[in-house]
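J.: Please work from the sequences and hints to get the whole structure.
The primary structure of each chain is shown beneath.
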Amino acid sequence: MYEKNGDRYYVVDGHMHYWNAAPDNWVPGAEQYAEGWIKCFHAYQGLGPAETHWTLEHFEKYSEEDLMKDVFEDGHVDVAVFQPTYLKEWYKEGFNTTERNALMGEKHPGKFVYNTRWDPRDGDEGLEVLRRNVERFGSKGCKLYSAEWNAGSRGWKLTDLAAYRYLEACQELGVKNIHVHKGPTIWPLDKDAFDVADVDHAATDFPGLNFIVEHVGLPRIEDFCFMATQEPNVYAGLAVVIGGLMHARPRFFAKVMGELLFWVGEDKMLFGSDYAIWEPKWQVEGFVDWEMPDAEEFSDYPRLGVAGKKKILGLNAARLYGIDVPAEYRLEPASSAA
Amino acid sequence: MTIAVTPRSRVADAGVLAALETVRDPELDEPITSLGFVAAYSLSADGNARVRLRLPTYFCAPNFAFLMVADAYDAVSALPGVRTTEVMLEDHFAADAINGGVAAQAGFAATFDGEAVGELAGLRADFLRKAVMAGTDQVCRPLLAAGTDPARLRTLTLGELPPSPPLRRLRQRRAELGLPAGDDAPLLIEPGTGQPVPADGVPLHLSRARITRVSIEANGSICRGMLRHRYDSPGQGEEEQ
Chain A
0 MYEKNGDRYY VVDGHMHYWN AAPDNWVPGA EQYAEGWIKC FHAYQGLGPA ETHWTLEHFE
60 KYSEEDLMKD VFEDGHVDVA VFQPTYLKEW YKEGFNTTER NALMGEKHPG KFVYNTRWDP
120 RDGDEGLEVL RRNVERFGSK GCKLYSAEWN AGSRGWKLTD LAAYRYLEAC QELGVKNIHV
180 HKGPTIWPLD KDAFDVADVD HAATDFPGLN FIVEHVGLPR IEDFCFMATQ EPNVYAGLAV
240 VIGGLMHARP RFFAKVMGEL LFWVGEDKML FGSDYAIWEP KWQVEGFVDW EMPDAEEFSD
300 YPRLGVAGKK KILGLNAARL YGIDVPAEYR LEPASSAA
Chain B
29 MTIAVTPRSR VADAGVLAAL ETVRDPELDE PITSLGFVAA YSLSADGNAR VRLRLPTYFC
89 APNFAFLMVA DAYDAVSALP GVRTTEVMLE DHFAADAING GVAAQAGFAA TFDGEAVGEL
149 AGLRADFLRK AVMAGTDQVC RPLLAAGTDP ARLRTLTLGE LPPSPPLRRL RQRRAELGLP
209 AGDDAPLLIE PGTGQPVPAD GVPLHLSRAR ITRVSIEANG SICRGMLRHR YDSPGQGEEE
269 Q
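Protein chains in written order, with our numbering: chain A, 0 to 337; chain B, 29 to 269.
No lab work stands behind these hints: they were computed from the structure.
For each residue, glycine too, the CB sits at the ideal point set by N, CA and C.
You may find that some hints are simply not true.
Cβ-to-Cβ under 10 Å is the rule here; a few derived chain A residues that face chain B [as the list claims (entries may be wrong)]:
#  : residue
1  : Pro27
2  : Tyr32
3  : His41
4  : Trp155
5  : Thr158
6  : Gly216
7  : Leu244
8  : Ala247
9  : Glu258
10 : Glu296
Between beta-carbon pairs, the in silico distance windows are [claimed, not checked]:
#  : chain 1 : residue 1 : chain 2 : residue 2 : range
11 : A       : Asp73     : B       : Thr183    : 56 to 66 Å
12 : B       : Pro170    : A       : Glu290    : 17 to 27 Å
13 : B       : Glu49     : A       : Arg250    : 24 to 34 Å
14 : A       : Ser298    : B       : Asp211    : 40 to 50 Å
15 : A       : Pro249    : B       : Pro170    : 19 to 29 Å
16 : B       : Asp102    : A       : Glu284    : 21 to 31 Å
17 : A       : Asp73     : B       : Asp102    : 49 to 59 Å
18 : B       : Asp102    : A       : Lys3      : 50 to 60 Å
19 : A       : Asp121    : B       : Asp141    : 23 to 33 Å
20 : B       : Ala42     : A       : Arg250    : 29 to 39 Å
21 : B       : Leu172    : A       : Thr203    : 32 to 42 Å
22 : A       : Lys91     : B       : Ala42     : 48 to 58 Å
23 : B       : Ala153    : A       : Asp6      : 44 to 54 Å
24 : A       : Asp121    : B       : Pro214    : 49 to 59 Å
Chain A regions said to be covered by chain B (calculated; three or more residues, Cβ under 8 Å) [to be verified]:
#  : segment
25 : 34-40
26 : 43-51
T.: Structure (structure tokens):
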């Protein structure tokens, strides 16, 4: 929770990680990829304020204590949503798996939401694992990397028949929040991995599910926005937007926020710090202080007020995940979202 | 890591830099020089050109990387007086494959045998269409700021507009796609078909042009930030933003 000028913000970090990318977890023979991946993440951290930069060594492997301090104690976060990323071809135990997240989270009841993952190419066995994960971790969401290259297959689409079986299972199991990674990708090499057309179709066919497009399709925000305007159950995940632009490129941050407010709207935007790429503290504080600039080039854009910031920082995600928000952090009934 | 500073002594070198200035990042629609992607270049007295390229991250999309290395190779090797050309992408997970494939003139699909199907012309065209939309915003915005009625934009032709670098660029991009780019061509066209924008479609068309430009420019600003984090020294011909 965060308080500024008498306004109280309930903060749900909709997108964060607990990874181990240190050399002890690198798969022999794939060291260059494991190292390249974490260095690439580390470079993104360079877009945040200098005083929040970590050494590469610390960034590769941070402790449970570091996370609890950075995210909850200092970072104003009330509930954090773990988004797993497996990458087992490069990292022996995975980069950050549902299991690793849950092992840590069970020591801190009420602090975390454990999302899981699936890949339609895993067939019936994968469906079984999904069911088990939901039973074991209570997952209400999942993170999907449709561009992941896997044993000769160059990615998949949400509209694949096999993926629809998983989406049906999600609907049945109450895994309501489907976070789809549409952002920087490595494989497949030739396809446009940012194409959001498959989300469009799946969102129409599964109106009971919510589709959160992570990184708002960066660098193709326009494709995402055109699609999101048509689908009531499509949301914008702001990880990278705030962390990558608000400090380093404030003018573009304002423009991207303006576009998202114009096309998607403040009821469908979710804060995510992308920790440990960026710490939530400066992002939450900076976002609460942020105002759309007055200059002419921003004059077309909607403004964002305190109520909108409350929704984006926590209330929207709380609604999707059924998180009980204390009364003093809720909006007045008249201005709350349906 | 450190990047060796290119000696600027040879006059002929200027030709290499000028050639590299014609090579664009297809996604960002900007020259690789101004983006800072040219680490170094040289041209020896006996006509051996060497170029070293660098990108913002180890995992930048290999399809775009391939296009930039191949285009740089083509642009430099077409220079008079250049006998051999070597373009080396550095610090990239697919550098060996890309450098080898371009040197062998193998094409993208053959370079990534089994991992890619088809060449990249379609991808390039997709991004040219985005560049046309972004360029439409660049040309229209000053007109709107000067009080031009949005509905009037629909009846304007390219020949009626005052010359400007953004207009020249918009015409070039449209011509590359085979879209109408002459004096009598309408300012507002659908980049997919070349058809004029219908009267009731103007506000949406302008909104799409605006967000496409914001998207490309925001992406470019992230790339610049990442590159600066990765390398201390500016690239050859780099322009700060």
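J.: If a hint holds in the structure, say so; if it does not, say that too.
T.: Quick rundown of the hints versus the structure:
no.: 1; hint: Pro27; result: violated (17 Å)
no.: 2; hint: Tyr32; result: holds (6 Å)
no.: 3; hint: His41; result: holds (8 Å)
no.: 4; hint: Trp155; result: violated (15 Å)
no.: 5; hint: Thr158; result: violated (19 Å)
no.: 6; hint: Gly216; result: holds (9 Å)
no.: 7; hint: Leu244; result: holds (7 Å)
no.: 8; hint: Ala247; result: holds (5 Å)
no.: 9; hint: Glu258; result: holds (5 Å)
no.: 10; hint: Glu296; result: holds (8 Å)
no.: 11; hint: Asp73/A with Thr183/B: 56 to 66 Å; result: holds (58 Å)
no.: 12; hint: Pro170/B with Glu290/A: 17 to 27 Å; result: holds (26 Å)
no.: 13; hint: Glu49/B with Arg250/A: 24 to 34 Å; result: holds (26 Å)
no.: 14; hint: Ser298/A with Asp211/B: 40 to 50 Å; result: violated (32 Å)
no.: 15; hint: Pro249/A with Pro170/B: 19 to 29 Å; result: holds (23 Å)
no.: 16; hint: Asp102/B with Glu284/A: 21 to 31 Å; result: violated (49 Å)
no.: 17; hint: Asp73/A with Asp102/B: 49 to 59 Å; result: holds (52 Å)
no.: 18; hint: Asp102/B with Lys3/A: 50 to 60 Å; result: holds (55 Å)
no.: 19; hint: Asp121/A with Asp141/B: 23 to 33 Å; result: holds (26 Å)
no.: 20; hint: Ala42/B with Arg250/A: 29 to 39 Å; result: holds (33 Å)
no.: 21; hint: Leu172/B with Thr203/A: 32 to 42 Å; result: holds (35 Å)
no.: 22; hint: Lys91/A with Ala42/B: 48 to 58 Å; result: holds (51 Å)
no.: 23; hint: Ala153/B with Asp6/A: 44 to 54 Å; result: holds (49 Å)
no.: 24; hint: Asp121/A with Pro214/B: 49 to 59 Å; result: holds (51 Å)
no.: 25; hint: 34-40; result: holds (count 4)
no.: 26; hint: 43-51; result: holds (count 3)
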